[in-house]
Structures are given as C-alpha cells and as structure tokens.
Amino acid sequence: GENVEQHPSTLSVQEGDSAVIKCTYSDSASNYFPWYKQELGKRPQLIIDIRSNVGEKKDQRIAVTLNKTAKHFSLHITETQPEDSAVYFCAARGGDSSYKLIFGSGTRLLVRP
Amino acid sequence: NAGVTQTPKFQVLKTGQSMTLQCAQDMNHEYMSWYRQDPGMGLRLIHYSVGAGITDQGEVPNGYNVSRSTTEDFPLRLLSAAPSQTSVYFCASSRRADRVETQYFGPGTRLLVL
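Protein chains in written order, with our numbering: chain A, 39 to 151; chain B, 123 to 236.
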C-alpha cells in the first residue's frame with residue numbers, strides 16, 4: 039500500500055523567510071496530493087492540493103510542486119507570518135483503484151516574530 | 123450546512139468498555155472515513171466507506187468496527203477499549219468516492235482509555 043514520508047518533523051523560520059516541507063510517496067499510481075494545516079486543538083484544514091497531471095500550483099504565498107518521476111512533492115510558503123505557525127500534513131491518494139488517503143507524519147512549523 | 127459533526131467531543135473509558143463515536147455529515151457526501159491522530163504519527167486511516175452499505179479497512183483497523191447504513195452517518199465502534207486506543211479521532215468526508223475531491227474533517231473526539 040501507499041506510504042508517505044514527510045520531512046522535517048520540525049521547522050523554525052524567521053518571519054518573512056520561506057519555509058519548505060518535503061514529502062515522498064511509494065505508490066507510483068498515486069494521483070492526488072493535498073496539504074493540510076492543523077492549528078493546536080483544531081481539525082486539519084486543506085490549504086492546497088495538486089493532481090498528478092500538474093507539476094506546480096500556487097495560491098498567494100503557498101505553492102506545491104510535484105515530481106512524479108522522483109515520487110516527491112513539496113510545500114513552499116513564502117513571506118512567512120506568525121499565523122503560519124501550525125502543523126502541516128502532506129497526503130497522497132493511491133491509484134484509481136484506491137480510495138485511501140494516506141498522511142505523512144506532519145511538520146511543526148514555528149515562525150519567529 | 124453543519125458540515126461534518128462528531129460526538130462526543132471528549133470521552134473517558136475504562137479498559138474493556140465499549141462505546142460508539144458518532145459522525146454525521148449533511149452534504150450528501152459519498153465518501154466517509156475515520157482517522158486517529160497520535161503525537162508524532164500524523165493521521166492514520168482506520169476505516170472508510172464509499173457509500174451506504176460499503177465499508178473497508180484502512181491502515182489500522184484492528185479493534186474498531188464501522189457500519190454505513192445511511193449516507194449521512196458513519197459511526198465508529200470500539201468493542202473493548204484498550205489504553206492503546208487513547209487518541210484523537212477525526213471523521214472526514216468528501217463528495218465523491220470515485221474521483222479525488224477535497225476531504226473535510228470533523229472537529230474530532232478526544233478519547234482517553236484508562
């Protein structure tokens with residue numbers, strides 16, 4: 039089955055700097071890669087997603103890149119702000135016959151004012 | 123729409139007790155799923171359902187049962203609670219099962235098994 043690895047587990051950046059979180063997946067048939075943000079005590083919320091037929095997607099300060107050959111995808115946050123501090127999870131959905139969305143172990147991002 | 127709702131918000135059980143975690147959605151979503159979240163381990167899929175009457179196992183199904191008698195409800199049953207089941211449980215749903223769609227999470231149930 040699908041396995042998703044996420045790095046780093048913690049990331050501390052200065053306000054205004056960029057943050058990059060990386061994930062790798064094992065199932066070459068995976069076709070959907072969302073990113074979720076979870077604030078303390080809250081539910082995970084989708085911030086951006088990308089499908090396997092797209093290499094990059096941007097939404098204001100957030101971007102996701104996908105390298106299908108290498109089976110990895112990354113989240114990029116530019117001009118970080120203190121409110122970006124949270125835990126971020128990547129996930130991957132297996133091939134067409136799989137209904138499972140498998141999550142990485144999470145990255146705790148701290149943006150220092 | 124209320125979205126995805128879960129009850130209770132918090133529960134304390136003794137080892138060996140049984141209970142049902144409730145999950146409901148009012149968005150007519152086909153796909154529903156249960157995850158558990160433990161510190162440092164992300165969200166792990168327990169069971170999922172692609173429609174009423176259809177359920178299947180996820181990554182960590184042992185110790186849990188589910189059923190999907192209606193489109194709206196997807197309860198998770200713990201038959202004999204164990205301390206290892208202490209966790210935060212999230213229910214999630216998405217509109218379609220056969221296509222990738224945004225998955226929406228409920229507020230979670232925090233379970234403590236003594």
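Worth flagging that the hints you see were computed from the coordinates, not collected in a lab.
Watch out, some of these pointers could steer you wrong.
Here are the computed lysine-lysine pairs in the BS3-like style, where the Cα-Cα straight-line distance is at most 30 angstroms [claimed, not checked]:
1) A:96 with A:75
2) A:106 with A:96
3) A:109 with A:60
4) A:138 with A:106
5) B:131 with A:75
6) B:131 with A:109
7) A:95 with A:138
8) A:80 with B:136
9) A:106 with B:136
10) A:106 with A:95
Each hint tested on the structure:
1. A:96 with A:75: Between residue 96 (chain A) and residue 75 (chain A) the Cα gap is close to 16 angstroms, so the pair holds against 30 angstroms.
2. A:106 with A:96: Holds, because 18 angstroms separates the two Cα atoms, which is no more than 30 angstroms.
3. A:109 with A:60: Holds: residue 109 (chain A) and residue 60 (chain A) sit about 11 angstroms apart, inside 30 angstroms.
4. A:138 with A:106: Distance of about 19 angstroms is within 30 angstroms: holds.
5. B:131 with A:75: Roughly 20 angstroms separates the two Cα atoms, so the pair holds.
6. B:131 with A:109: 37 angstroms, violated
7. A:95 with A:138: Holds - the C-alpha atoms of residue 138 (chain A) and residue 95 (chain A) are around 23 angstroms apart, at most 30 angstroms.
8. A:80 with B:136: 26 angstroms, holds
9. A:106 with B:136: Violated - the C-alpha atoms of residue 136 (chain B) and residue 106 (chain A) are around 47 angstroms apart, more than 30 angstroms.
10. A:106 with A:95: Distance ~14 angstroms between residue 106 (chain A) and residue 95 (chain A) Cα, so the pair holds.
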